[in-house]
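Following the hints, put chain B in place on chain A, whose structure we already have.
One line per chain: the protein sequences are A and B, in this order.
Read in order, the letters of the first sequence are residues 1 to 133 in my numbering.
Read in order, the letters of the second sequence are residues 1 to 314 in my numbering.
Derived from the structure by calculation, the hints contain no laboratory data.
None of the values given here were measured: they were computed from a predicted structure.
Pulled from the structure, derived: some chain B residues nowhere near chain A, Cβ distances all over 12 angstroms:
(1) 27
(2) 40
(3) 53
(4) 70
(5) 87
(6) 96
(7) 102
(8) 108
(9) 164
(10) 189
(11) 230
(12) 238
(13) 250
(14) 288
If you only want the chain A side, here are some residues facing chain B, beta carbon under 10 angstroms, derived:
(15) 4
(16) 5
(17) 6
(18) 8
(19) 9
(20) 10
(21) 35
(22) 38
(23) 39
(24) 44
(25) 46
(26) 47
(27) 50
(28) 89
(29) 93
(30) 97
Beta carbons: idealized from backbone N, C-alpha and C, even for Gly.
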Amino acid sequence: MFDDSKPIFVQIAQMVENDIVDGVLAEEAQVPSTNEFAAFHRINPATAAKGVNLLVDDGILYKKRGIGMFVATGARAVLVGRRREDFYEQFVRPLAREARKLGIERSQLAAMLTREADDGLADAGTGTKKGAS
Amino acid sequence: MNTPIVQVEDLCRSYRDVKALDRVNLTLEQDKIYGLLGRNGAGKTTLMSMLTAQGFPSSGSVLVFGEAPYENERVLRRICFIRESQKYPDDFKPMHAFKSAALFYKNWDNDLALSLAQDFQLPMKRRIKKLSRGQLSAVGVIIGLASRAELTFFDEPYLGLDAVARQLFYDRLLADYSEFPRTIVLSSHLIDEVANLLEHVIIIDNGRIIVDDDAENIRGQAINVAGTAARVEAFTAGRTILHREQLGALQSVTLDGALSTAERREAQELGLEIGSVSLQQYVIRKTLDAGLSPGGTHQGTQGADSKNRTGVAR
Chain A
1 MFDDSKPIFV
11 QIAQMVENDI
21 VDGVLAEEAQ
31 VPSTNEFAAF
41 HRINPATAAK
51 GVNLLVDDGI
61 LYKKRGIGMF
71 VATGARAVLV
81 GRRREDFYEQ
91 FVRPLAREAR
101 KLGIERSQLA
111 AMLTREADDG
121 LADAGTGTKK
131 GAS
Chain B
1 MNTPIVQVED
11 LCRSYRDVKA
21 LDRVNLTLEQ
31 DKIYGLLGRN
41 GAGKTTLMSM
51 LTAQGFPSSG
61 SVLVFGEAPY
71 ENERVLRRIC
81 FIRESQKYPD
91 DFKPMHAFKS
101 AALFYKNWDN
111 DLALSLAQDF
121 QLPMKRRIKK
131 LSRGQLSAVG
141 VIIGLASRAE
151 LTFFDEPYLG
161 LDAVARQLFY
171 DRLLADYSEF
181 PRTIVLSSHL
191 IDEVANLLEH
201 VIIIDNGRII
211 VDDDAENIRG
221 QAINVAGTAA
231 RVEAFTAGRT
241 ILHREQLGAL
251 QSVTLDGALS
261 TAERREAQEL
271 GLEIGSVSLQ
281 QYVIRKTLDA
291 GLSPGGTHQG
301 TQGADSKNRT
311 GVAR
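With the rest of the complex left out, here is chain A (with noise of 0.2 angstroms):
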């Protein structure tokens, strides 16, 4: 579940702000305490309280004292931000490099990249009808 290239606290809070773009926590929704993070996770309490107060500093958390913690109104839009500034880095950039690497042609690569992105539309326009932001 975790992998060792980064701290766990990190990849709580990534797998937390996951759980907002993807809709699986919502805006306003309380979010489970770093108890039940570290129960369910097997990790230690004080780095699931690391990643979720990452979070909080964040400004994509914010706490209710004495309640629990709850995912903040926009939160979603803001991840949604970063993601796409990261985007090129993180995705594009080592598919052109792999592509390089096997020789597909700038057209052919091009190509199948509009073909995706056209079957993907079709997809979300049959499906739940969330906006892109």
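Relative to the frame of chain A, chain B by itself:
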């Protein structure tokens, strides 16, 4: 959070000409789970014995809860030390062991002990002498958890425990720790199993502490780089190399120290594969060479008596 529970300064312990502990400096803070890791004979048990007043230092000082622990009832009542091969009186049954523990530890939770005994399927009325190795370990684990001592040491507590029972131990440890935070020192060879439970890691090798850091700082501290030999060598030149392996034209190198984003990108542009290193691999890489070097000749002598005996008994 930052109150020191244990303060060790310049601690040395020699057995004849063997230095079991060599100028150890160490601070344990309140309410953290520590992992005490290292090879057999590295000095883990010796260190824990000093902290629990079951052994005497040759020199240096040990303070536990701000006091010297030797024959100090006030301090010792707040400590629980579960040894790898704990001895019990001959006619003792688990229920007797629990009753004794209940008298000694003021935070003893008998309900927890009984529910753990059920979880571990421990026969309460069988003589401890007649228990299997795993059941004997379960007795220790139960006492360690139910005593809720402010400072609890588990010295390889799971000998003979199967994977299910070990998972049970980890889960109950986490659950009870979440509810009743306390300082726990877990010495283990099954590092991959316990890595995620630890907040802080202490690696001891040849009687010296070689790593004393938060578990989260150690994660990503070592990096594996693999690719064609020439490129790997070019990329890793000038860096601290923990380990190097060669397979045909391929070379794989474990580096000490994290990579910056720029270095990471450089490695990717070179077509190098970057891999992560688990805490277990890190400990192996950190402690392997010392054990093989001529300077490390006392490896396995100190502490070998008890370890080997239990090894044979299995």
